[in-house]
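Undergrad: Build out the structure end to end from the sequences listed, making use of the hints.
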Amino acid sequence: MALRPVVITGVGVICAVGRDPEEFWARLTAGAGGITAVEDERFAAFEARFAGQVPDEWVDAQLPAEDTGLDRTARLALVAARQAVAHAGLTDVPGERFGLVLGKCQATPTASGGYQPMHATGDVVAGKLGMTGPRILVSTACAAGGNAVGLAKDKILTGEADVVLAGGVDPLLFGTYAGFAGLQALSARPCGPYSRSDGLNLGEGAAFLVVEALDHALARGAEPLAEVAGYGLSADAYHATAPDPTGRGGTTAMRRALADAGLEPDAVDYVNGHGTGTPANDAMEKKVMRAVFGERASKVPTSSIKSFIGHTLGAAGAVEAVASVLALRTATAPPTIGFSDEAIATSTLDFVPNVARPLPMDVVVSNNYAFGGNNASLVLRRPGGPREYDELPAAEVVVTGLGPVTGLGTGIAEVAEAVANGRTAVGAEPSLEGRTFAPRSLWRHMNNLSRMAIAASRLAWEDAGLKLPRAALDNVGVIFATAAGSVESTDGFDESVLANPNKPAVLSFSNVVLNATGGAVCQTLGLRGPTTTICNGNASASIALDCAVETIRSGKADVVIVVAADEAPSSADSTRVDPYDRNSGEAPASASVALVVESAAHAAARGATPYARVLGSAHASGGADDERSLVERALAGLPTEGVDLVVGAATGGATDEAEAGAVLDTVPSARLTATAGLTGDAGAATGALNLALAALALRDGVAPAITGLDSPRAGTVESYVTKPELPATPAKALVLSAAPGSVRGGTLLGAV
Amino acid sequence: MTLDELRATAAARHETCTQIKKMIVSRLDLPIEPAWITDDQPLFGRGLELDSLDVLELYVAIEAEFGVALYDSDMSVFGSVSRLADHVNPALAEQAQTGSA
Amino acid sequence: MEPLTSPVKAVHPEGAVYGTVLDAEVALRFSTLDAEYEAIRERAALLDLSGERIVELSGGAAVDFAQKVLARDVEYLTAERCMTSLVLAEDGTVVDQVVVWGREDSLLLESSTGAGTRLLEHLRAHAEPGVEITDRTAEYALFGLEGPYAWGVVGRLIDGELASLPFESIVDSQWDGVDVLFGRTGVTGEYGYKVLVPRESAERLWTKALEHAVPAGQDAVELAMLEVRQPVVRHEAGEGVDVLEMGAGWLVDITKDEFVGRDAVVAAFEGTAERRTVGFSGGAEVPAPGTPVTVGGEKIGEVVHAVHSIGLKSSLGLLRLPPDLAAAGLTVTVGDTEVVTLTSPYVTPKSWSTPII
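Order-wise, the sequence lines are chains A, B and C. Note that full-length UniProt numbering gives residue 299 to position 299 of the first sequence, counting from 1, and the numbers run on in steps of one. Note that full-length UniProt numbering gives residue 86 to position 86 of the second sequence, counting from 1, and the numbers run on in steps of one. Note that full-length UniProt numbering gives residue 303 to position 303 of the third sequence, counting from 1, and the numbers run on in steps of one.
For the record, the hints were derived by calculation from the structure and aren't laboratory data. A few of these clues could be false.
[Stated by the list, open to error] Computed cross-link-like contacts, DSS-like style, restricted to lysine-lysine with a CA-CA straight-line distance of at most 30 Å: (1) C/Lys-313 <-> C/Lys-299; (2) C/Lys-256 <-> A/Lys-467; (3) C/Lys-208 <-> A/Lys-286; (4) C/Lys-256 <-> B/Lys-22; (5) C/Lys-68 <-> C/Lys-256; (6) C/Lys-313 <-> C/Lys-350; (7) A/Lys-503 <-> B/Lys-22; (8) A/Lys-467 <-> C/Lys-68; (9) A/Lys-286 <-> A/Lys-299; (10) C/Lys-350 <-> A/Lys-286; (11) C/Lys-9 <-> C/Lys-208.
[Claimed, not checked] FRET-style restraints, in silico, Cβ to Cβ: (12) B/Glu-65 <-> C/Pro-323: 22 to 28 Å; (13) C/Val-266 <-> A/Lys-723: 47 to 53 Å; (14) C/Thr-20 <-> A/Gly-294: 22 to 28 Å; (15) A/Ser-112 <-> B/Asp-74: 40 to 46 Å; (16) C/Val-17 <-> B/Ala-64: 49 to 55 Å.
The beta-carbon is built from N, C-alpha and C at its ideal position, and this holds for glycine as well.
TA: The following block contains the structure:
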């Protein structure tokens, strides 16, 4: 099956060796590194004081005056984003057809000492560049940037966007630096990936690539720079910070990427490695090269851009993808710098030491290996000519297991009973007592967020009745959705750094990266399939479900767990929440909800009884319009005739009005409800709970009810679900998700 | 040494060992009573199944609690609670013999 | 039952010395204790583990049954992992120490040397419907490779990738076209690996392995185990000895809700401790089990077990003492000899400072 060819038509980058792609490439080919001593006095606390820093002047010189007051993350991103858009010659892409997939590892600090929502950087970039199509914040730690390019390709293949800007960004932040220092991962010198391997340096920067279909690029007269031939994801399921020493995860990601590209390992001309310079990573990568290329391994040149700019975390994968594109274009392999003569003499693989090398190439693979054991591999090749292609096959996808871990109950039986009896437990802590969900040696390392997610995933798995052999588990995907990650670990870590930057709480640090919980789920359930982490506020779960459906449609997995989890920032007093009511309170909550999503064929073959079918989805992102228009744009993308039940994203606040108004107008036949009245606002988990209880309603005819609705913000009480027992079991349900002002989405579920 | 002197020596070691066990249980959030850990049992891999992240936590905890910086020591300091006690309480180290290096 | 004999006895080196350990005839020494010990602690030793029984638990109730009889939790033991656990009697005494190997639809229990029959009897006595207990020893041979460079032997003999398996990981692999089960697990504190090979191929694998590693017999292995406080059940357990006295509580998961012997262990933990175990060294003569331990002529305890330690160049053993005296750093008298009590491990494995490359 040959899918629609997707190409890259523009690149942008700002990092320690260049303020733009020209300078970047010139320095790489000249072997001129950019890792320098950190002057900031706070860093004097650390023995290791080298990093790949971007001079402020480079950033500000490329920003209009009105942007120079933004936070550093946004500024770095805007610089690179605009370069890529200009390079691609994009002038009038309709906003709704123009998407953004942004990889970011670190939360962006606010002036007052807190953090912006993860997706805020994406909103700023999309806002300034006029993108109102798909908007995804992917946070698979060090693999996020590369992962973003793959996801961008998916959005083109599903037809959701015509052009997607894919990239990554991360600034140099003191807290993160302290965390890596505490893990003893830093080198006290400029790093020596593949040579000295005595630790990594951190770096900062941003990079973007414009991704569009080949036919779309040619039609507008743009020049394709490289083809995104394929990508592969995998989970180590091994450890929070150490890579699987056997290299199995990295090997699997590369093999999946090559399979996606329809290529054999023999076709690969150059590998752009992850190459952080830590002993564990470098040893593991050598194993991966040998496992994938066998005897040819020592003849496949592989080099590390991190030897020049350090580890730029969320930007790394994107920067390295840009380097890979330029390598293809100029038929030059960039070197790995830092090799001594002795290191060159004793190398067992070809690391292109110190000096760039002319190398005609057709196929390049770019690898990223992240904390949490997430691996991403991207295959780029020289663009071919226009050709025939098949559409991405439609596949029937069903929901076969539900695993809620909420204050309302743990497990679908308890929660279903609570829904049927109209019980509420707003802001209550979920209980994990009464049974174990994982081996104790793993459980004790897990923070509360991961524990909830592991429990939810285990419960959903058991609810789905899945019994898969070991080999099949290796292909089960996990898509993790969270708005804010672990508040507990972030606070704990930040406090420890404030108290003494040399004594950071390392267990907390390993849990600060947003994909840590996803990695923990993979590790405890032994799942090694495609995996990613979505951080789009309360809209994360519906976007994650989209990713799961795309993964199944493209044949990359038959079973995917979509698991969402978030923690209340602090425990709140129990408040009454009646979504859509003018007098409702709002209350944060902690919860995790997992759904088992499966290809209908796979479910049928094993005799499973699904809850519901996933019929379709649509997402729209914020532009200049108001919230109500944003909701309407999301709904416009869906065939809503025949929808009996709408489970909305409402959480009791003022934005409920926009949603209610839009829904009652667009889907007059349906009755509207929400789940936040039962549990409070559990962030991404509320989005997943909405999906879960809609699926349950399609099977059982019972839905979450808003019992205290007196003065609805829109319509009349009759338009809402005020009693759990529905007049008839619905045939179709619409589930809404919302990161207000940013992304609104809708997912259609159908009865089986 | 007399029986009483031996008891006093043993008590001094047990006190340090107990302190270490409490620190390990609390710092690493283990679901067991500190007294369940024996002085001589393995801590890594087998035994308490501590891993590299736990060790980093413990280095910090040991410095906070005992004022001893073990960061650059080799792994054998974590050979057992009793071995760790030698390192954090110099008075014990003088009395103990630790066999071959 | 017939005593177990080694399936590769015919290709053991000449001059091997045999002995009976409970229900098994095993090679106590292949050459000299010194050479074998040196192989374990300095290079790589090959172990013939045929004195152990391999018992399979299968059937729908196998995991529940395993949870009942094992003192540690195997609920989530996957087909890629193994673990070591005690098997206790109702009264809390030790029936055996087993390595549990996770399999797709069953569990394999590897007994300790010679204790297989006792283990089988105990399992069958507690059997329930839905679980099949099968002695599969006759189908296999089990070999071990232990030593600071055992990983190198694994690389030369089987596959370099297997050498870096994480601790207690197991994997289905091939050797010379034969399906084998390979695991990273050991007892001496050095890098340790085990290979479970079908009996028909055992001689071929043993012969090939001899080209790369020195065979070490039961004596050398038990000495090395004692040095790192890995329980040697046949010397340390016994009637009336509870796991806490043995110092083997770490092979029991007290947070697991239910298993045979749990009540007794909890009672022992909550009750008054009467005796505890501590290691000692000193003296040239090896004291026999039961030898009195005295202080100023007053008996305070006795010897559990002792051997001559090549690493320490003196006797090394375990003492049973009252809890208030069971501590390292004391000088006491064993028989007529002054000895000193030790912190563990009594010998530091060289593997702890030798990286796998």
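Undergrad: Now tell me, hint by hint, if it's right for this structure.
TA: Against the structure, the hints come out as follows:
1. C/Lys-313 <-> C/Lys-299: 26 Å, holds
2. C/Lys-256 <-> A/Lys-467: Holds, because 24 Å separates the two Cα atoms, which is no more than 30 Å.
3. C/Lys-208 <-> A/Lys-286: Roughly 28 Å between the alpha carbons, so the hint for C/Lys-208 and A/Lys-286 holds.
4. C/Lys-256 <-> B/Lys-22: 21 Å, holds
5. C/Lys-68 <-> C/Lys-256: Roughly 10 Å separates the two Cα atoms, so the pair holds.
6. C/Lys-313 <-> C/Lys-350: 17 Å, holds
7. A/Lys-503 <-> B/Lys-22: 20 Å, holds
8. A/Lys-467 <-> C/Lys-68: 23 Å, holds
9. A/Lys-286 <-> A/Lys-299: 13 Å, holds
10. C/Lys-350 <-> A/Lys-286: Between C/Lys-350 and A/Lys-286 the Cα gap is close to 26 Å, so the pair holds against 30 Å.
11. C/Lys-9 <-> C/Lys-208: 15 Å, holds
12. B/Glu-65 <-> C/Pro-323: 22 to 28 Å: 24 Å, holds
13. C/Val-266 <-> A/Lys-723: 47 to 53 Å: Distance hint for C/Val-266, A/Lys-723 holds at roughly 50 Å.
14. C/Thr-20 <-> A/Gly-294: 22 to 28 Å: 49 Å, violated
15. A/Ser-112 <-> B/Asp-74: 40 to 46 Å: Between A/Ser-112 and B/Asp-74, where Cβ atoms are some 45 Å apart, the hint holds.
16. C/Val-17 <-> B/Ala-64: 49 to 55 Å: 54 Å, holds
In summary, the structure is inconsistent with hint 14 from the numbered list given earlier, while agreeing with all the others.
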